[in-house]
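Peer 1: Residue-level listing of the chains:
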Amino acid sequence: MSWARSLHVDPSAAAPLWSQIEDGVRRLVASGGLATGTAVPSVRDLARDLRVNPATVSKAYQRLADAGVLEVRRGDGTYVSTTAPSVSRGQRSRALREAALRYASVAATFGADREEALDELRAAWSELTRGRKGDLA
Amino acid sequence: MSERVAVRGLMAVAAREVSERIALLGLAVVVAAVPFLAPWIGIGDRPLLGVLLGVVMVLAAAVLTGSSVIASDLAERRLGFFFSRPVPWWSIWGGKMLAAFVLTFVAGAIVLGPSAAVGDWRLPGGGWWVRIGVPGLIAVIGTVNVLAVGYRARSLWFAADLAMTGALVWIVIRTSRGLMTWGVWAISYEFITPALWALAAAVTVAGAAQMARGRADITPSHRVMSIALWAVLTPVALGYAAWGTWVQRMGPADVRSVLSAWSAPKGSWIVVTGRAGWPRPEGLSATLLVNTSTQQFRRLGPGFSPLRPPFTSDAMRAVWVSDPFGQKPRLTVADLGSGEPALTDVPLPVPPGSVRGFALSPDGRQAAIAQDALATVFALGSQQASVTFPLGSGRLSAIVFDVVGRAHVLSARQDFLLPGTLDILVLDPATRKGSVTGHIDTRGNPLEVWGPGGERVAVVHRQERRPSLTLHDGTTGALVATLVPEGRAGRIAATFLRDGRLAVVESGSGVILRVFSAEGAESWSLDVSPTYSVTRATEVAPGVIAVELSFRGRGSRSDTVLVDETAGRVIRRENGLRPAASSWFAWRAQAGPDDGSLFVDDRGALVRLDIVTGARQVLLGGS
Amino acid sequence: MNAGTEGVPLSCEHLSIRYGGTRVLEDVSFSVPSGCVYALLGRNGAGKSSLVRCLVGQQRATSGRAVLFGRDVWRDRAALMARVGVVPEEPDAPPELSPARLVALTGRLYPRWDEAATRERLRRFAIPMETRFARLSKGQKGAVQLALALGHAPELMILDDPTLGLDVVARDQVFSEVIGELADRGTTILITTHDLAAIEGIADRVGMLREGRLVLDESLEAVKERYALPLERIFADVTSASAGGAR
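If you're matching them up, the sequences are chains Z, A and Y in order.
Count along the first sequence starting at 1, add 160, and that's the number in my numbering.
Count along the second sequence starting at 1, add 17, and that's the number in my numbering.
Count along the third sequence starting at 1, add 58, and that's the number in my numbering.
Note that these hints are calculated values from the structure, not bench results.
There's no promise every hint is true.
Said to hold, decoys possible - Some chain Y residues near chain Z, calculated using beta-carbon distances under 8 Å: (1) Y77; (2) G78; (3) S234; (4) G238; (5) L240; (6) A256; (7) E258; (8) G259; (9) D262; (10) A286; (11) E290; (12) A294.
Claimed, not checked - In silico contact screen, one side only, chain Y against chain Z (beta carbon under 8 Å); selected entries: (13) V95; (14) F233; (15) A241; (16) E279; (17) K282; (18) P288.
The structure presented is a predicted model; accordingly, all values stated were derived computationally and were not measured.
For glycine and all other residues, C-beta sits at the position ideal for the given N, C-alpha and C.
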């Protein structure tokens with residue numbers, strides 16, 4: 161599973177591993193590196209590839225399934241959702257707000273002002289949409 | 018579940034150990050072939066060589082397997098492999114020990130088998146296996162295991178182990194040697210077998226404890242093993258020592274069969290030598306000083322001395338040589354005056370070596386000792402000898418004092434079995450000089466008997482073949498008379514009576530008792546028995562000679578014929594009695610008159626016989 | 059066994075080990091809940107090996123006890139080892155046996171044993187089945203010991219420095235196998251190690267020993283949240299000889 165490395169999971173990083181995995185999968189799905197309907201590796205296999213605790217992978221998968229990014233087909237495995245995540249408006253705006261707050265805190269900690277923060281945001285968005293063909297670092 | 022797995026695990030462990038050492042069995046095959054292939058071995062010797070190689074093979078296999086099955090894995094930290102599996106400690110220990118036994122046994126069988134088949138000898142029976150084979154094998158393998166673990170642990174406990182070993186070995190050897198001086202054969206099967214079983218049990222317990230409690234770590238293993246080992250062996254060794262001490266504390270009540278006894282010139286004191294019975298071990302015999310009226314007693318020592326301990330003429334003291342045939346004989350004086358006799362060791366100013374003859378002067382103040390090559394006279398209690406004189410060696414030399422306090426002894430110039438000359442030596446403590454005062458010619462193999470006060474000496478020549486008996490002056494050696502010429506008798510026994518006359522028993526086609534005067538004139542002779550027997554005579558009471566007739570093939574039965582020494586007539590024949598003063602062991606020793614009327618009956622009891630009525634009073638002993 | 063009376067798979071209760079005057083472990087207490095991966099860290103000489111020996115019932119603690127599945131492991135070692143797989147730091151398999159014979163031997167020491175799975179594992183590790191154990195490389199030896207410790211499908215695994223001296227490939231094999239066990243069976247795992255980077259992804263809880271005392275015993279998440287540092291740095295801080303440590 162070569163795209164396992166593209167998840168950029170770093171055990172020594174501060175962020176919890178499950179969060180890193182979740183973010184990584186989200187990023188891949190968003191950038192097109194992981195097409196809809198593709199099968200994702202089993203918890204066991206991904207854990208072995210990443211060399212992380214299967215419980216960690218399991219937790220990330222669970223959260224992604226709850227968020228609608230992944231869907232579990234009984235007896236078949238886990239796949240990237242074909243349908244857009246069907247979240248309620250409230251859930252969606254809550255998720256966006258949470259992520260935005262996180263980003264804003266980081267930016268503020270580094271002393272960036274709102275303009276700089278917004279510039280960075282735009283650049284990141286471009287990068288994300290630009291690398292639809294599979295952005296492997 | 019667990020029992021099955023445990024046993025299966027045990028077998029698996031054993032199988033691994035055996036397969037790892039399979040080369041040992043290959044070696045056994047090669048060794049088994051050696052007696053048959055080696056061209057220089059004679060056919061008749063092959064089984065013997067096979068047995069020798071077999072024994073060596075068994076020992077080598079026991080040592081090799083015993084020292085490695087456990088110690089190797091333990092020292093190299095590999096026992097954890099087994100301890101991290103669900104098998105109990107005894108599976109691991111049992112499997113390894115089983116492998117050691119199987120390998121040793123099979124290696125031995127491979128080498129011994131062909132030799133047994135060819136050499137027509139049988140394997141020892143079940144009794145040997147129980148007594149030596151099984152405990153011996155367990156002990157060897159177990160001991161080697163303990164040694165190997167102790168050695169490889171490299172801890173200070175090993176020094177403690179060595180110290181304990183030394184201490185217990187010293188205790189056991191000291192006890193065994195003590196027992197052996199008392200006549201107990203402490204290296205017989207009766208002793209070796211329990212010792213082997215005790216050792217086998219101790220090393221088994223130690224090995225099991227190591228595996229159960231020390232487990233995979235060698236240092237705590239060694240400690241646990243040592244503690245278990247000494248916890249078993251120490252009580253055994255101490256128990257043995259205690260038993261040995263108890264055994265040696267033999268008293269008159271423990272005497273089963275009396276060997277000999279002598280009484281004091283007056284009073285109730287007697288000296289008894291007798292053998293103990295169960296529960297004391299076979300072979301134990303002691304010499305006891307016993308007061309027959311008060312039952313007080315003192316142990317004088319082991320019962321082997323052929324030297325009758327002299328009493329002083331006032332019966333106030335007895336003097337005793339202990340360990341006469343050992344390297345360090347000691348002289349003890351028993352003071353009979355007070356209630357419980359006091360024993361005092363007094364100096365024995367003689368060089369080291371066996372004591373063959375011993376005498377006390379009539380006043381009890383001088384003592385004479387005859388050794389292999391030296392005769393010594395000294396004042397009793399003195400550290401210094403008054404007189405010494407060299408003796409011809411190799412004879413049991415009786416030594417006596419005459420009425421003026423000089424010691425007389427015979428000395429052979431050369432090999433005493435050959436015809437030659439005997440010198441009479443007289444040692445005078447007053448002048449502190451010894452000298453040769455006379456000579457006696459002998460046909461060879463002489464046996465002398467001294468008369469009272471050393472006035473006369475009777476010599477039996479060539480007792481083993483056509484003996485003769487001559488009577489000589491006790492100082493000059495001049496021949497007084499030839500009392501029994503060569504060829505008349507098959508055996509001759511002579512004893513002096515209190516009044517200086519000589520009683521001679523000749524055995525040949527019958528038994529004849531003769532009494533001669535001090536000048537060699539025959540007083541009377543008496544046919545005692547028409548049949549041949551080995552006989553001796555002793556004066557057992559004033560005026561009474563006891564002639565002992567012992568019969569081969571009738572167990573230890575003897576009969577005694579009591580003879581009136583004045584009239585020369587038989588008083589009575591007592592069946593199943595023999596005089597106590599003359600023991601077969603001491604038959605070459607100087608036997609003198611004894612007034613105690615002491616006899617030993619068939620059952621080994623010491624009996625006082627009333628000569629007149631024939632009533633027998635048992636004093637002690639008898640089963 | 060009634061899970062209710064069993065408690066946690068592994069629990070250390072006030073464990074102390076002293077050799078003569080030397081204190082190797084002092085009052086160590088921690089427990090590993092079911093399904094948890096516990097990483098025990100500590101410098102050499104901090105007492106890890108002695109602790110592991112106590113945990114597998116091969117050494118008796120001076121005071122306190124080691125408890126597996128609710129039972130004192132020194133007393134009930136034989137019964138408990140049916141549920142525990144142990145991989146020691148130093149390979150201790152009989153050196154003259156080949157992996158094939160080792161599988162056979164070990165299988166007879168367990169009531170339940172999956173010979174096929176063990177052989178499959180060894181094939182996956184590319185272990186030569188007929189070479190004497192002594193002649194295998196360190197990595198191969200470790201792989202064999204691991205396979206032999208997994209053949210009875212243990213509920214609890216205790217690994218003492220499993221990656222010491224191994225190359226990257228061998229290390230990966232070990233962890234891959236461990237993770238597989240975790241995923242398949244939810245095995246409870248205790249690992250002692252220096253390889254902080256490797257276990258950082260796998261461990262749920264972390265314990266740190268310094269000079270015989272347990273100075274840290276928390277979930278990995280909580281530790282990282284508190285220190286906001288890589289585990290390596292935290293470890294260096296907490297276990298450095300110059301005291302202080304905790305922030």
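Peer 1: Now tell me if each hint is right for this structure.
Peer 2: Status of each hint after checking the structure:
Annotation: interface hint on Y77/Y violated; nearest CB of chain Z at approximately 36 Å, more than 8 Å. Restraint check, G78/Y versus chain Z: the minimum CB separation of about 40 Å is more than 8 Å; hint violated. Satisfaction of the interface hint for S234/Y is found here, the shortest Cβ-Cβ separation to chain Z being roughly 5 Å, below the 8 Å cut-off. Proximity of G238/Y to chain Z holds as hinted, the smallest CB-CB distance being about 6 Å (cut-off 8 Å).
Hint on L240/Y holds. Least Cβ distance to chain Z is approximately 5 Å, under the 8 Å limit. Taking 8 Å as the C-beta cut-off, the interface hint given for A256/Y holds, the closest approach to chain Z being about 7 Å. The beta carbon of E258/Y is positioned within 8 Å of a beta carbon in chain Z (closest approach about 4 Å), and the interface hint is therefore held. Nearest Cβ of chain Z to the Cβ of G259/Y: about 4 Å, under the 8 Å cut. The hint holds.
Because the beta carbon of D262/Y sits about 6 Å from the nearest beta carbon in chain Z, less than 8 Å, this interface hint is met. With its C-beta approaching chain Z no nearer than about 5 Å, A286/Y sits inside the 8 Å limit, and its interface hint holds. A hinted interface residue such as E290/Y counts as satisfied when its beta carbon comes closer than 8 Å to some beta carbon of chain Z; here the least separation is about 7 Å, so the hint holds. The beta carbon of A294/Y is not positioned within 8 Å of any beta carbon in chain Z (closest approach about 13 Å), and the interface hint is therefore violated.
The restraint placing V95/Y at the interface with chain Z holds, with a minimum CB-CB distance near 6 Å, inside the 8 Å limit. Proximity of F233/Y to chain Z holds as hinted, the smallest CB-CB distance being about 5 Å (cut-off 8 Å). Of the supplied interface hints, the one on A241/Y holds, with its beta-carbon coming within about 4 Å of a beta-carbon of chain Z, less than 8 Å. Interface hint at E279/Y: satisfied, since its Cβ lies 6 Å from the closest Cβ of chain Z, which is below the 8 Å cut-off.
Annotation: interface hint on K282/Y holds; nearest CB of chain Z at approximately 6 Å, less than 8 Å. The restraint placing P288/Y at the interface with chain Z holds, with a minimum CB-CB distance near 4 Å, inside the 8 Å limit.
In this structure, the earlier hints numbered 1, 2 and 12 are contradicted, and the remaining ones agree with it.
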